[in-house]
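Line order of the protein sequences matches chains A and B. Just so you know, the first sequence maps onto residues 3 to 317 in my numbering. Just so you know, the second sequence maps onto residues 3 to 317 in my numbering.
Keep in mind the hints are simulated off the structure, nothing from the lab. Quantities reported herein were computed from a predicted structural model and do not represent experimental measurements. Do not rely on the hints blindly, as some may be mistaken.
[Unchecked claim] Covered by chain B, according to a simulated footprint, are these stretches of chain A (three or more residues, beta-carbon under 8 Å): (1) 28-40; (2) 111-123.
[Said to hold, decoys possible] Across the chosen pairs, the derived CB separations fall in these ranges: (3) A:Pro53 - B:Glu45: 25 to 35 Å; (4) A:Ser173 - B:Gly148: 54 to 64 Å; (5) B:Glu106 - A:Lys176: 44 to 54 Å; (6) A:His109 - B:Glu106: 36 to 46 Å; (7) B:Val12 - A:Glu306: 30 to 40 Å; (8) B:Arg298 - A:Gly174: 57 to 67 Å; (9) B:Gln51 - A:Pro53: 55 to 65 Å; (10) B:Ala197 - A:Glu106: 35 to 45 Å; (11) B:Ser307 - A:Ala197: 51 to 61 Å.
Beta carbons: idealized from backbone N, C-alpha and C, even for Gly.
Listed below are the residues making up each chain.
2 protein chains.
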Amino acid sequence: LRSISRYLDVPSAGLLVAAPGDDAAVWRGDPIVVATTDTMVEEIDFRLQWPGFDFRTLGRRLMAINLSDLAAMGAEPRHALVSLSLRGTLHVSDVGRLYRGIAEQAHRFHCTVAGGDLSGTLGPLTLTATLVGRLDSARALLRRSGARPGWVIAVTGQLGGAAAGLRLLESGGKPGSRDERAWVSAQLDPKPRIAAGRALVESGIRVGGDISDGLSREVERLVEPTRLGATIEVARLPLARGLRRKQWALAVTDSEDFELICAAPPARMRIAQRALQRINVPLTPVGEIDRQPGIRFRDGARTESLQTAGYEHFR
Amino acid sequence: LRSISRYLDVPSAGLLVAAPGDDAAVWRGDPIVVATTDTMVEEIDFRLQWPGFDFRTLGRRLMAINLSDLAAMGAEPRHALVSLSLRGTLHVSDVGRLYRGIAEQAHRFHCTVAGGDLSGTLGPLTLTATLVGRLDSARALLRRSGARPGWVIAVTGQLGGAAAGLRLLESGGKPGSRDERAWVSAQLDPKPRIAAGRALVESGIRVGGDISDGLSREVERLVEPTRLGATIEVARLPLARGLRRKQWALAVTDSEDFELICAAPPARMRIAQRALQRINVPLTPVGEIDRQPGIRFRDGARTESLQTAGYEHFR
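Work out the full structure, taking the sequences as your base and the hints as a guide.
Written out as structure tokens, the structure is:
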């Protein structure tokens, strides 16, 4: 295995100035920069033993989870740096598939793979990507702060599929039905909501994030710092196809759905819904910010206050 | 362990716009950006069992190896993102020391810790940092390409100390003499040559890099693509205090010395030497680029052609 440089994008006058072969990547900058880093660890975030596991999809997922953080800010991806710690026993062709997945996901979102690091490990595969993106303005972005009582809470796409897919993978069963395949795909090969994030910002939405730690945890982050609360209508949760209403907890805890959440006054939210409709992304109002602290899930006459169960390491 | 956010720099109007608490960091950008990522893996790059091991120094080293890549381009550090995969059994106070070392090294070089990720692992500690820096111009930087026959090759600082320190640590012995302590410190707590890298570029030097993979390997990178060669004078190698002349191989293979190398016409190199003298960094000419392919080490009447032994994973 010679080096990773053949997987790196070649310098071009327009975007990349230097790399590969130099100590660092060089690119022409943007006025407002958004950056994030996220790691996947074998046996924690994925298992080679999962039915149908493949390295190319793993590479795509590494990029997707980081791209989703940019989407959550309403940013446009620009450059990626990738650092992989791999066992020496790994087959070269699997390493190639991993990089191919990384590169294809990057290019799908007009992002260069500008640099990286490859190191050996005696333990689990550990994959880190850092994504650098741009914003047009330091004010036009999605942030967690700023939600007000009376604002509508809405989410993109469908919920619960990734969690259902994870259960299926962990049970060792191969997905049978079309719905099951879609759940597994939501888990293994999530689609970052870059276009939706940009459209939300362009519609004037300023409060939002992604819900990869779970809808419940994410709503908490929007309201807790200002001691507000929220009520979510269980009947309105856009569950993934094939999930039954009574499985709604899959959609709000530990979801790993890489969808976006946002909050805005009702009229603003209707503008955003129309904007997302134009790019074929559903934006579904699921609840409302209110003054009573805590998160309530209302299911007909019953109201449940869920314990936060979003996945937070070392919490 | 609540979260890493208390170790992140707070947003300020001047530099950081958003983070912590948001999905990604936001900062005001620079026209020319330099970025690098580097990982350290337990049992490969460090061992908790080393005599005198401490987490704060480990944190400083994580930053130093990445800062050195920026130094190698002549760039000025701006922001860091840090992704740590830690075992759940690690003591909270050790995690705190690790972050303190990261933060203090960042601040020493006027760099914000803008974001990060903390994940669990069942295996070796795996620490990744991504450093983003700036350059004044896309032309005024150090690159590996462009060296010409007749140019002088020079290195900053002293060589061989880190390799000698590593041997000492691996033998399990505690450093006794002042020289031995200095070798161990060169291994565990290297000082990135940021100021020297900037001074080289300001002196008009355009060809260079760091020698953390070994002087020999690095010279090879400067000459191989253009089928040139180089001759290094062993007597001129600035060995770390306490190393004997016959130990010179420590200085050229596997060195892990985070020093800089550069190449330039003799007159230009003298200008650079004076500039580095002003910031108390020795810049020592050690050899010359020539037309005969290969790297020769001349020691009096003997000439050795060393096999490349710089550390490259999976090579």
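- prompt: Within 36 to 46 Å or not, the Cβ separation of A:His109 and B:Glu106?
  reply: Taking Cβ atoms as reference, A:His109 and B:Glu106 lie about 39 Å apart, which means the hint holds.
task: Go check the region 28-40 of chain A versus chain B for me, would you? Three or more residues, Cβ under 8 Å, otherwise it fails.
output: Result for this restraint: holds, n = 13.
Distance restraint hint 51 to 61 Å, applied to the beta-carbon atoms of B:Ser307 and A:Ala197: 56 Å, holds
- prompt: Taking 8 Å as the C-beta cutoff, is the stated coverage of the region 111-123 of chain A by chain B satisfied by three or more residues?
  reply: Check passed, 8 qualifying residues.
message: Holds or violated: the 30 to 40 Å window for the beta-carbon distance between B:Val12 and A:Glu306?
response: 36 Å, holds
- request: With 55 to 65 Å as the target window, see if B:Gln51 and A:Pro53 comply at their CB atoms.
  value: 39 Å, violated
- prompt: Should the hint that B:Glu106 and A:Lys176 are 44 to 54 Å apart at their CB atoms be regarded as holding?
  reply: 51 Å, holds
- prompt: Taking the CB of A:Pro53 and the CB of B:Glu45, does the distance hold inside 25 to 35 Å?
  reply: Given a distance of about 31 Å, which is inside 25 to 35 Å, the answer is holds.
query: Does 35 to 45 Å hold as the CB distance between B:Ala197 and A:Glu106, or does it fail?
result: 41 Å, holds
message: Please check whether B:Arg298 and A:Gly174 have a Cβ separation lying inside 57 to 67 Å.
response: 59 Å, holds
message: Given a hint of 54 to 64 Å, does the C-beta separation of A:Ser173 and B:Gly148 actually sit inside it?
response: Once the Cβ atoms are compared, 58 Å apart, the range 54 to 64 Å for B:Gly148 and A:Ser173 holds.
Violated hints amount to a single one, hint 9; each of the other numbered hints is respected by the structure.
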